[in-house]
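> Letter by letter, the chains look like this.
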Amino acid sequence: MNLFEYLRPASLDEAIAAARAPGATYLAGGTNLLDLMKIGVQTPRTIIDISRLPGLDRIERLADGATRVGAMVRNADLARDADFAANYPAVAEALLSGASAQLRNAASLGGNLMQQTRCSYFQDPHSACNRREPGSGCAALDGETRNHAVIGWSDQCIATHPSDFCVPLAALGAVVEVAGPGGTRDLPIAQLHMLPDATSPGGTTLAPGEMITGLRLPPEAAAFRDNARYLKLRERTSFAFAVVSVAAMLRMEGDVIAEARLALGGVAAQPWRRAEAEAVLAGAKPGDDAIAAAAEALMAGARPSGDNAHKITLAKRLIQKALHLAAAGTPAVMPALPASVFTSEPAERGEPADV
Amino acid sequence: MPLSISLIVNGEQKDIALEDPRATLLDVLRDRIGLTGTKKGCDRGQCGACTVLIDGRRINSCLSLAASQDGAEITTIEGLAAGDDLHPVQAAFIETDGFQCGYCTPGQIMSALGLIREGIADDDPERIREAMSGNICRCAAYQGITEAVIKANARMRDTQESQS
Amino acid sequence: MSDTLTTPGAHTRMGSNSGQPMTRRDGIAKVTGTATYAADNRPEGLLHAVYAMSSVARGRVTALDVAAALAHPGVVHVMTPENRPPLAQDPDDKPEGSMALRIEALQNSSVRYVGQPIALVVAETLEAATEGARLLAPVYAVEPARIGFDAGEAFEPESTGFGGQPNIDIGDIAAGRAAGTRHLDQTYETPLQYHNAMEPHAIVAQWQDDHLTIDTPNQAIVMARAAFAAFFDIPAENVLLRSPYLGGGFGSKALPIGPQILAILAARELQRPVKLALRRDQMFGPVQHRGATRQRMQLDMDDTGRLTLLDHHTTATTSSFDTFIEGASAASRNTYASPAIATSHSGVRVDTGTPGAVRAPGEASGSAALECAMDEAAELMGLDPLDFRLRNYAETDPQTGKPFSSKALRECYEAGAKAFGWQNRPLAPRQMRDDQGHLVGWGMGTSLFGAHMNKAQARAVLRADGSAMIATAGADMGQGAWTALAQIAADGLGLDIDKIDFRSGESSLPNGGIAGGSGHTATAGSALFAAGEDVIRQLADLATADPASPLFGAGNAGVVARQGRLHRADDESRSESYNEIMAKAGISELEGKGEGARDPGHAESRAMFSHGAVFAEVRVDPDLGQVRVSRLIGAFAAGRIINPHLARSQLLGGMIWGLGFALMEEGIHDKRTGRPVNGDLAGYHVPVNADAPMVEALMIHEDDAFVNPLGVKGVGELGITGTVGAIANAVWHATGVRPRSFPIHMETLIG
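Chains as they are written, first to last, in full-length UniProt numbering: chain E, 1 to 355; chain S, 1 to 164; chain R, 1 to 751.
Hints are computed from structural coordinates only; laboratory data are not their basis.
Watch out, some of these pointers could steer you wrong.
Straight line, CA to CA, 27 Å or less: simulated DSSO-like cross-link-like pairs of lysine-lysine [as the list claims (entries may be wrong)]:
{"id": "1", "chain 1": "R", "residue 1": "K671", "chain 2": "E", "residue 2": "K38"}
{"id": "2", "chain 1": "S", "residue 1": "K14", "chain 2": "E", "residue 2": "K38"}
{"id": "3", "chain 1": "R", "residue 1": "K455", "chain 2": "R", "residue 2": "K94"}
{"id": "4", "chain 1": "R", "residue 1": "K455", "chain 2": "R", "residue 2": "K402"}
{"id": "5", "chain 1": "R", "residue 1": "K499", "chain 2": "R", "residue 2": "K593"}
{"id": "6", "chain 1": "R", "residue 1": "K584", "chain 2": "R", "residue 2": "K499"}
Some chain S residues well away from chain E (every beta-carbon gap over 10 Å; in silico) [what the hints assert, rightly or not]:
{"id": "7", "residue": "S6"}
{"id": "8", "residue": "I16"}
{"id": "9", "residue": "D31"}
{"id": "10", "residue": "T75"}
{"id": "11", "residue": "D85"}
{"id": "12", "residue": "I94"}
{"id": "13", "residue": "E95"}
{"id": "14", "residue": "R155"}
{"id": "15", "residue": "Q160"}
{"id": "16", "residue": "E161"}
These numbers were taken from a predicted model, which means no experiment stands behind them.
Glycine included, each C-beta is placed from N, C-alpha and C at the ideal position.
Given the sequences, and given the hints that come with them, work out the whole structure.
Set out below in structure tokens:
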């Protein structure tokens, strides 16, 4: 880790002013930034510790029915907030399926939104990476790509966004509150993470010195509370990033889907949401055909970026599973293994499976 | 210029002139304060060996700058036993053989204590397994760890009840 | 378990300590954080060292920015091949006949794998040393990396592991092939696997004149002491190696590694204590690993389902500069009866570090392929997998034809199958679902591991107060040696365990042998027991020759030692306490010595193995291919179990290693650069708590009069064998898809 200057400003304004220094970066929970500093991927000259800035740690229900969450609310606290979890169960489930209990206790909302890709070539300063060093190339192309993007990628970058939390947030149309040298602004979450294109590797759209101060879930987001799931495929039962994940939420009117929200994680450089897929479901009954059509619509244009064609198949199937489960209703209690496809409790010790 | 921070570690105030802002809480505990019970397994939040309680919450001390924790109350494995009396979590780990090599054990125990205080796992082994999955045990003493959490939780509940 | 055992010609028998499910004697130290692992040592004046790692797989370092590193505040020294002080032994030499591997200690500027040490930076703080190493910004002359079976250079190895025979044919191979009416020919692959003990290798080195003290975790303390001394041209006795606690070893902590040598050199150069602890990413470099294997299994059977030929050929990866071949084919030599068995190995040289011993080296990979092939053969024959194995049960050792010293495998099959409910298993795959609609499958595998012994010594001193000190330089890396060995030692002395002061984990003590090959309890335990017996023999001589003793005239054969007293064997009411005997003889201390090694006659006449049977149940999502092991039940027979509590933990741990092998562990190196793409614990998945819902180990009674006087085999590595195949076979039974490449990925199962 390089040497840096450590600052702990007392106010938001002070923090933003301090961030004008070249090579300055904000430190919140530290679970991503310090990690990247330890492996030499980030080398800030100034660290502005915003973890104690006043006023950023609240979860508030606003008058219009929206919910506002401060940027420094820790992942675990948000997931365990009874009111929040009741209104946005898929968000809580996504949060609880991410990382470990310790990391969730430290990681902040803002940090989760700002976290960097886990692409191993991004994490290796010796490898070419357009994200880390614009113009250097993408070493992941033709590399070990089992877990790379299968949609919305370009030759500039095939990395995925690793967040679980952001997936249901994207589906719910969350709005990110940003403060910076030019004042404050609202940013739809769909515009926070840019996809790569022919000339750019993508990344976040925050300008230098800007920081996330909070997030709003719009009033209509709570309408999906009764039919919401987040499912996550991973290579071990817990404490692993998603191979593919899905947030599926339905607003049911009788046995008809009035409105659907659907987003994927682990497949692209942003949580992948497409209005067409949700439109397929609106007005339909949650049957196999509509659900399969929604899966196809969401994955339209998917193509492997390497040895990862299986992720397309997995994504389509996981979407369907998640939609079926969402249609069946939000579980009464948080599953013991949040987001796992294994919802059943194991049989009693020594007893054969109930088959 | 060194940063002056103070930590309350296991109930004792420690004033530290931090000559290097890079020092993590883990390295300050181990190298500056001399509390080496907390272990470094990966230094990147991927194994849980460095788990301590910060203001009562379980945290990976390797991914926290000591400077950020100025004023915090830290509980480490050294702060659990009262003299020769083991904390119920410690005693339970011994009884259930919830460890082998012992290297991940301080982190497991702090994590278990954090979990019990969170009050989210109750006695459901599946919830405990999930909640303890941030603590890797390469010896794979997982069965014993899960049993220890259940055992300790019951005892701590009993003690609480008998005190109230 | 039998809790008494009369040892032929001895005065004593196993007493009340062995066989008890005692909790760990080091338990309190471990749960309170007072157990001192190597990196916990902080001597006065300590410096911190960090080594820079090569980021290329092959080539040469052409430049290092030493000035930049030295300019970083706190950095005091940078060691490179240019200024490295000479070593008395070339790191590329392998002393004849010794267990050793070539290491990298800056002997030159060449690079032979990613992660190799290329410089050492020493600083006042860890932070400064770490950044200093980064600032070296090496420049390389790069040659193309050779990664994977097809890119490497093939060769025919002269040995597997440390000195194993690569090619052994048993019986008439051609006849066996001709006799088979059914034929299976399949190839299985296993990846590189890294030990990843929770404690990264660490050392604190201090010199005083020509005496060296090193705090470093080690599985073979006295052997390693000599190996370290050889590099520094000092007698082995000048090295004090302290290893009271190891944070796991799994085979990676027996041999010196380059970074340890460099830290010792730096400590001498700077005349200050130096600490070096590997980072986790450095645990994918110079610390050995399990080589990848490609195993071709050819099984021929007659119409009744009996093997006529078992042909197991392994191709394994090793480094470009040294040879350690995962001896996987050896698994087929001793497990199943077949009139003809062909076992052979080829090697492929790739640009990684040299592989080494990883928990059940050879056996784990070999068992995986063998047990999968046996399952496929059973399917081919239309037989239940357990029935098929029973038809090929080896009554005598297939390799040598010798009788087994003991073999309760049949009982393991029976107990395991019963506990599991195996009799309800449908023969065909894809027949079972749980209430969630997940596919359910059941599979099994046979566990087998040699009952190895090496050589060890021990010393016991009985004191006038009736307590005793007993010592051997053993290693407890979590297996529970401090407890099990102390139990044996106490029994050897006929004392309660709280009367003994058991000393271990330090090189100044008698050689405790190697904590490896699952032979430590047998070996060091035998030495300790013998040392105790030696004391008791002397004590009995005193008492039986003393006319005032109630034991007078009892004769050597007629005395039993128990709870600090000698009793007449024929009349236990006549006894005398140790302290009375010593007091009357005017002796304040009695010293005994013992050796642990196998009786050569027994070694010659018997085949010696631990056995077991593992039964696995998996749930598989039918659409998504995600697998969860829902039950794992093993039944194991491993001779006398000294401490069932701790032996169970060892077996469970081994089985969960098998789970990791089957479903997740995989060291992936980029084929173009050789760099690990998952060289950390977020990428290199080992099982977490949620992966291991229900695991049970049953211990099956087994008496063994041949392995050693204690009747002890070993349990440390047994559990991983059998389990990998059991899980893979259960996955097939659930899905109908045969996974033949490990770990089993979900994409393999979704079609």
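> Could you run down the list of hints and mark each one as holding or not?
Hint by hint, here is what the structure shows:
1. R:K671 x E:K38: holds (25 Å)
2. S:K14 x E:K38: holds (26 Å)
3. R:K455 x R:K94: Since the Cα atoms of K455 of chain R and K94 of chain R sit roughly 21 Å apart, the hinted pair holds (cutoff 27 Å).
4. R:K455 x R:K402: holds (23 Å)
5. R:K499 x R:K593: Within the cut-off at roughly 18 Å; holds.
6. R:K584 x R:K499: holds (21 Å)
7. S6: holds (14 Å)
8. I16: Non-interface label on I16 of chain S holds, nearest chain E Cβ at 14 Å vs cutoff 10 Å.
9. D31: Holds: least Cβ distance 15 Å, greater than 10 Å.
10. T75: holds (14 Å)
11. D85: holds (27 Å)
12. I94: holds (22 Å)
13. E95: holds (18 Å)
14. R155: The assertion about R155 of chain S holds, with a minimum of 21 Å to chain E.
15. Q160: Q160 of chain S clear of chain E: closest Cβ-Cβ about 21 Å, beyond 10 Å.
16. E161: The claim holds: E161 of chain S sits with its nearest Cβ about 24 Å from chain E, beyond 10 Å.
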